[in-house]
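Peer 1: Kindly generate the complete structure, drawing on both the sequences and the hints.
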Amino acid sequence: MEFSTDQRGKFTVLSPHGRLGFDEASEAQKVIEDQVQACDMGVIVDCSELRFLSSAGLRAFLLGAKAAQQRGVTFCACNLDENIKSVFTISGFDRVVPLFTDTKDAIERLQ
Amino acid sequence: MAEITLSGVTRNLSKANEYLLGWWRDQRLSEDKRFDFELALEELFINAVTHGDLQRNASQVVQISLAVEKKPQTATVSMRISYEGPMFNPLTVATPSIHPTAEKRSLGGLGIYLTVSLMDRVDHEFSDGLNITSVTKTFDHAL
Numbered sequence: 001m002e003f004s005t006d007q008r009g010k011f012t013v014l015s016p017h018g019r020l021g022f023d024e025a026s027e028a029q030k031v032i033e034d035q036v037q038a039c040d041m042g043v044i045v046d047c048s049e050l051r052f053l054s055s056a057g058l059r060a061f062l063l064g065a066k067a068a069q070q071r072g073v074t075f076c077a078c079n080l081d082e083n084i085k086s087v088f089t090i091s092g093f094d095r096v097v098p099l100f101t102d103t104k105d106a107i108e109r110l111q
Numbered sequence: 001m002a003e004i005t006l007s008g009v010t011r012n013l014s015k016a017n018e019y020l021l022g023w024w025r026d027q028r029l030s031e032d033k034r035f036d037f038e039l040a041l042e043e044l045f046i047n048a049v050t051h052g053d054l055q056r057n058a059s060q061v062v063q064i065s066l067a068v069e070k071k072p073q074t075a076t077v078s079m080r081i082s083y084e085g086p087m088f089n090p091l092t093v094a095t096p097s098i099h100p101t102a103e104k105r106s107l108g109g110l111g112i113y114l115t116v117s118l119m120d121r122v123d124h125e126f127s128d129g130l131n132i133t134s135v136t137k138t139f140d141h142a143l
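In the order they appear, the protein sequences are chains A and B.
If you're matching positions, the first sequence starts at 1 in our numbering and goes up one per residue.
If you're matching positions, the second sequence starts at 1 in our numbering and goes up one per residue.
Check the hints yourself; a few may be wrong.
Below are the DSSO-like pairs computed for lysine-lysine, each with C-alpha atoms no more than 27 Å apart in a straight line [stated by the list, open to error]:
| no. | chain 1 | residue 1 | chain 2 | residue 2 |
| --- | --- | --- | --- | --- |
| 1 | B | 137 | A | 85 |
| 2 | A | 85 | B | 33 |
| 3 | B | 15 | B | 33 |
| 4 | B | 137 | B | 33 |
Simulated from the structure, these hints should not be mistaken for lab results.
Peer 2: Written out as structure tokens, the structure is:
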């Protein structure tokens, strides 16, 4: 699985590419947790290139949210397509990980 | 009906996905409708391998069957996952509680909960030592 990162002010924007399912969850979990530990104010996961998300993939988001809570930083997601968004809303994870329209929206509302 | 039989090991999930993708394209179904079946396939395949304890025995297999019924405006896709093992009905798994905070969230039962939520119908039967879980969904599809 590929990730790209971008620094936007005090926020780290992390963009996963492709699938985030059972086969990719462990790697994604490590990348997310590393970014949460290294960030300044928080991590915004940009899902615009994320094509698939299962319950195993949600685990990576959950552990990212827990790590962020422990560090006292922000952890959120944006740019979710309809399928990815439905996984978040059906599972109730939209209440664990705040969702925003795009990175601009996330940064404006978090600052 | 199209079928594939795979050894019951988690590394075969990618082969199962490739099979679904190929079949979906052969049937000329809408790409944006595949997501729900991709999710159901992953959740049910991993469920079978882990709850059926299939990885202990290299000869244990998971069979995946796919079928579609096309009408002028709709397509109904059915997928069946079967494996030999102790009876395990995923539909009896307790619905996960949806706590609002990260620290109280757990993931148990979430896969089948998502599957049931995204499909029109999910059935399980145990017959001749086989656990058989079937999912069905109808969506818009112009011929």
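Peer 1: For the pair we were handed, residue 85 of chain A and residue 33 of chain B, check the Cα-Cα distance against 27 Å.
Peer 2: The given pair, whose Cα atoms are some 15 Å apart, holds under the 27 Å limit.
Peer 1: Holds or violated: residue 137 of chain B and residue 33 of chain B, Cα atoms, limit 27 Å.
Peer 2: holds (10 Å)
Peer 1: For the pair supplied as a hint, residue 137 of chain B and residue 85 of chain A, is the alpha-carbon distance within the 27 Å limit?
Peer 2: This hinted pair holds, its Cα atoms lying about 19 Å apart.
Peer 1: Starting from residue 15 of chain B, check that the Cα of residue 33 of chain B is at most 27 Å away, please.
Peer 2: Holds, because 20 Å separates the two Cα atoms, which is no more than 27 Å.
Against the hints set out earlier in the document, no violation occurs for any number.
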